[in-house]
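Engineer: With the hints as extra help, turn the sequences into a complete structure.
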Amino acid sequence: MAGKKMKQEKAGSFRKRFVAGLKRQWVLHLMLLPMVVFLLVYSYYPMAGILIAFERYNPRLGFFRSPWIGLDNFRYVFKMPNTGQILYNTVFISFMKMLFGLVVPIVFAILLDLVKHSGYKRSIQTLIYIPYFLSWIVLSGILIDILSPSTGIVNQLLGFFGIDPIFFLGDEKMFPGVLIVSDVWKGFGYGTVVYLAAITSIDMELYDAAKIDGANRLKQVRYVTLPGIMPIIVLMATLSLGNILNAGFDQILNLYNPTVMKTGDIIDTFVYRIGLQNNQYGIASAMGLFKSVVSFAFISIGYTLAYKFADYRVF
Amino acid sequence: MKKKKEKQKNRGRHVRNGSLAFDVFNYVFLGLMAAVCLLPILNVLAISFSSSAKASAGLVGLVPLDFNLQSYKYALTKPQFLTSFLTSIKRVGLGLLINMTCTILTAYPLSKSSKELKGRNIYAWFMFVTMVFSGGLIPQFMVVKQTNIMNTIWALILPGAVPVFNVIILMNFFKQIPKEIQESAMMDGAGHLRILAQLYLPLSLPSLATITLFTVVGHWNEWFAGMIYMTDPANYPLQTYLQSIIVVRDTALLTTASKETLEMLSTISDRTLKSAQIFIAAAPILAVYPFVQKYFMKGLTVGSVKG
Chain P
1 MAGKKMKQEK AGSFRKRFVA GLKRQWVLHL MLLPMVVFLL VYSYYPMAGI
51 LIAFERYNPR LGFFRSPWIG LDNFRYVFKM PNTGQILYNT VFISFMKMLF
101 GLVVPIVFAI LLDLVKHSGY KRSIQTLIYI PYFLSWIVLS GILIDILSPS
151 TGIVNQLLGF FGIDPIFFLG DEKMFPGVLI VSDVWKGFGY GTVVYLAAIT
201 SIDMELYDAA KIDGANRLKQ VRYVTLPGIM PIIVLMATLS LGNILNAGFD
251 QILNLYNPTV MKTGDIIDTF VYRIGLQNNQ YGIASAMGLF KSVVSFAFIS
301 IGYTLAYKFA DYRVF
Chain A
316 MKKKKEKQKN RGRHVRNGSL AFDVFNYVFL GLMAAVCLLP ILNVLAISFS
366 SSAKASAGLV GLVPLDFNLQ SYKYALTKPQ FLTSFLTSIK RVGLGLLINM
416 TCTILTAYPL SKSSKELKGR NIYAWFMFVT MVFSGGLIPQ FMVVKQTNIM
466 NTIWALILPG AVPVFNVIIL MNFFKQIPKE IQESAMMDGA GHLRILAQLY
516 LPLSLPSLAT ITLFTVVGHW NEWFAGMIYM TDPANYPLQT YLQSIIVVRD
566 TALLTTASKE TLEMLSTISD RTLKSAQIFI AAAPILAVYP FVQKYFMKGL
616 TVGSVKG
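Chains as they are written, first to last, in the numbering used here: chain P, 1 to 315; chain A, 316 to 622.
Hints in this document: simulated from the structure, not taken from any laboratory.
Heads up, some of the hints might be wrong.
Derived EDC-like pairs: lysine to aspartate or glutamate, alpha-carbon spacing no greater than 16 Å straight-line [to be verified]:
id : chain 1 : residue 1 : chain 2 : residue 2
1  : P       : 173       : P       : 265
2  : P       : 262       : P       : 172
3  : P       : 121       : A       : 338
4  : P       : 116       : A       : 338
5  : A       : 427       : A       : 498
Selected chain A positions facing chain P (Cβ under 8 Å, derived; list incomplete) [stated by the list, open to error]:
id : residue
6  : 355
7  : 421
8  : 445
9  : 448
10 : 451
11 : 462
12 : 473
13 : 557
14 : 558
15 : 612
Glycine is no exception: its CB is placed at the ideal position from the N, C-alpha and C atoms.
Structural biologist: Set out below in structure tokens:
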């Protein structure tokens, strides 16, 4: 009798707990509601807009009722004479940015770590980090001014050494270089902070041990510092793979001009020009979809490699 | 903890037995590189304070010549400039409010196990997919158009209302908070909302500060949405407005300007005026940067590099 009652009570309390649990969960689901709504409208619904790439899109008819033309837009895009050049520019510029964006901060962090004076170290770190927080509008304005062939300070310095003025932003051979260097200029402070944090967490005893074994500074960097930050390097490298088609829209749109179109035009600027300036939605969407799909593949590869080699999980 | 701190203090001891020549080289090299990063900014700053004659002759280095504030005066009295400045302030305030609300409300439930929240993994994937795949520029533009928010401040805020990357940073931070804290609070009858507001948020203030700062900088610096979603230039945020005058040449000005403005323009060269406007756009960030930079340093180690 007593046992039965207890069982009932247990069942009752289980039920109570279950209901209470549901009630608690209900709050959690409610909290997620804004995220679900916003992403549905502004991220998932645009995915349905991929249909534009297969249509002769008419804004009045919308994504679902515009006339279907199959792969015509894609055929048009890939038959255009400059598509190959645009793809090449995109991959070349973004790859060089990835490469230098990875190496420069590592070298800088290692050199900064060798600075004894902590005040000096911190000042340098703070100063090189500044361009990271300025917009490409501000930085482009600065670049356009200092690189001007007539009055810019860079060409004046070059003139001091007897070098003729160079029109950096109007020379198709120079332009990609300007993009890469200025991108490193903006971003390497951030990378340096990340790697320096990783170096600081290396156990000092490893350095002591290396010293006892007679390792000089170069060897300490080679056998202690570099292996110590290797996981972070691998992580940053693999995660940056997803950017292979992001050559820097913000930067290029503000710096390029017709004279450097040949080496400076990338997928994103093309999509913007054709799509939003010339209103050829179908063709621009086809190019955009191509980019999204290839990027997706590279991001997936990046995350998989990051998980395998750096044990990185997003959530 | 104490030991660790001591170790940090002694950091750099391993370099003490190195050669002096290298140290000198290293200090000078790093100093030069930092200078190279700043000189372009300082040069343009000096130009903005110089007279137009000296500026257009290309004589200004790092010190302003014939110091004057004409360009700043002219830039700041343009009505369009003030409207854009206010639009940007409004955008930062409203955007911050919505971004942070979404970030906190999403990060908290997702930091729970799938036992505590049924379907947790479905939500997480639902969110993650948007980080790796997007419809692209054109469809996004069309959706903003279809939802009737073109030419309003909402076009600058709603499409990016959920900053997925920040959600993940905060979620990982919440996960590190010991479970016992939540359990004992629940014993005392506290619900999720109270636990979030009174326990989780106070415990994650450094993380929240960093996310807040990055959000503010992001909204302040963003210009592209302003350019494509605002069909009326009167609604441009500051960076978009600057883009239209710094990068694109302002020829309309010369044809529509009144006699007084033309006279004023003759004393300010295009170059000094542009430089002044560049600095007004960067000023808010440069002004607060020295005071908040430690949060930018901290947040990175919390976010991008978790163990």
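Engineer: Of all the hints numbered above, which does this structure not satisfy? Sort the numbers upward.
Structural biologist: none
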